[in-house]
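Participant: One line per chain: the protein sequences are A and B, in this order. Its first residue numbered 1, the first sequence is counted upward by one per residue in my numbering. Its first residue numbered 1001, the second sequence is counted upward by one per residue in my numbering.
If you are wondering where the hints come from, they were derived from the structure by calculation, not from laboratory data. Values in this document were obtained by computation on a predicted structure and should not be read as measured data. Do not rely on the hints blindly, as some may be mistaken.
[Said to hold, decoys possible] With a Cα cut of at most 20 Å, we get these calculated EDC-like pairs of lysine to aspartate or glutamate:
1) A:K143 - B:D1093
2) A:K100 - B:D1080
3) A:K77 - B:E1116
[As the list claims (entries may be wrong)] What the simulated footprint calls covered on chain A by chain B, stretch by stretch (three residues with Cβ under 8 Å from a Cβ of chain B suffice, anywhere in the stretch; the number is not a length):
4) 41–54
5) 137–150
[As the list claims (entries may be wrong)] So, partial list: chain A residues that the calculated Cβ filter (under 7 Å) puts toward chain B:
6) W16
7) R29
8) F31
9) Y63
10) K134
Glycine included, C-beta positions come from ideal geometry on N, C-alpha and C.
Given next are the chains, with one letter for each unit.
There are 2 protein chains.
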Amino acid sequence: MTCSIARAVEMVGDRWTEMILREMFLGSRRFDELQRLTGASPHILSQRLKRLEAEDILTRNLYSERPPRHDYRLTEKGRDLWPVVVALKTWGDRWLDEGKSPPITLTHTTCGKTTEPYLACSACHEPIQAVTSKATISPDMAKERAAALGR
Amino acid sequence: MTCSIARAVEMVGDRWTEMILREMFLGSRRFDELQRLTGASPHILSQRLKRLEAEDILTRNLYSERPPRHDYRLTEKGRDLWPVVVALKTWGDRWLDEGKSPPITLTHTTCGKTTEPYLACSACHEPIQAVTSKATISPDMAKERAAALGR
């Protein structure tokens, strides 16, 4: 499977995983807090946390020795999922909330203003959208696709 | 469930759905093409397409009457998922591909350059990241959270 989109979804495209990430970006670190805020059962939460740890998206740390207590923190790989969570939030706020005010509002601490982040082009810094973008497929992926299409 | 992130994931956080969206952004419109390119079974593909149609993310159109043939097109709600797909691609390219060149490269047609889109602040247009953002929770969501935490 050449496509990195498909593999990324395999890793984080799950309701519970996304809710865990949301809570961690909001500052939660402890199992019981994550459990109450996501509404996941202990079994599901523990299974998802183990998977995220195995994928190096978060680390589990001992913060108290007696009694032994752990907390969870995002790694750089985990923190780098922020644009995915923000993109889902932006879409959900726009299309699923029918005129209600969004449950979470973002402020850009650098400028101090309320913000609705958008995608910008790394070359010219102007906004970029599906209609102003063109996708070029790598030779390896093109080969896979031609084979799939029987060409 | 107040959170729009969780509801958005319910709708598109599925490997097959994401692959269908990827293919539609790459220009595929026909069932057989989508089936070959995603590798989904006809049953799975048909089920996902029906769900996306019910959610108004795509429309199914008759393009030939004899024999009857349909194709699928993204609605505005569907096209608006582009930032989600791009965010997943960016993360996957960076963290899952270990130095390989990305399977899909994007060009910004407005400026003509190869681009790696990033999130910019709608107020100051500078880049925004998790560390330079602050989340404010709405009163309704805060109430839900306080109840979940038993406070």
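Participant: If a hint holds in the structure, say so; if it does not, say that too.
Facilitator: Against the structure, the hints:
Restraint check for A:K143 and B:D1093: the C-alpha separation of about 19 Å stays at or below 20 Å, so the hint holds. Of the pairs offered as hints, the one joining A:K100 and B:D1080 holds, with about 19 Å between alpha carbons and a cut-off of 20 Å not exceeded. About 17 Å separates the Cα atoms of A:K77 and B:E1116, which keeps this hinted pair within 20 Å; it holds. Under a criterion of three residues with beta carbons nearer than 8 Å to beta carbons of chain B, the stated coverage of the region 41–54 of chain A fails, only 0 such residues being counted.
For the region 137–150 of chain A, the stated coverage by chain B is satisfied: 8 residues place a CB nearer than 8 Å to a CB of that chain, which reaches the threshold of 3. The interface hint given for A:W16 is violated, since its Cβ lies 9 Å from the closest Cβ of chain B, which is over the 7 Å cut-off. Restraint check, A:R29 versus chain B: the minimum CB separation of about 14 Å is more than 7 Å; hint violated. A least Cβ separation of about 13 Å between A:F31 and chain B goes past the 7 Å threshold, and the interface hint is therefore violated.
Taking 7 Å as the C-beta contact cut-off toward chain B, the hint placing A:Y63 at the interface is violated, the least distance being around 19 Å. Annotation: interface hint on A:K134 holds; nearest CB of chain B at approximately 4 Å, less than 7 Å.
Checked against the numbered hints above, the structure breaks hints 4, 6, 7, 8, 9 and satisfies the rest.
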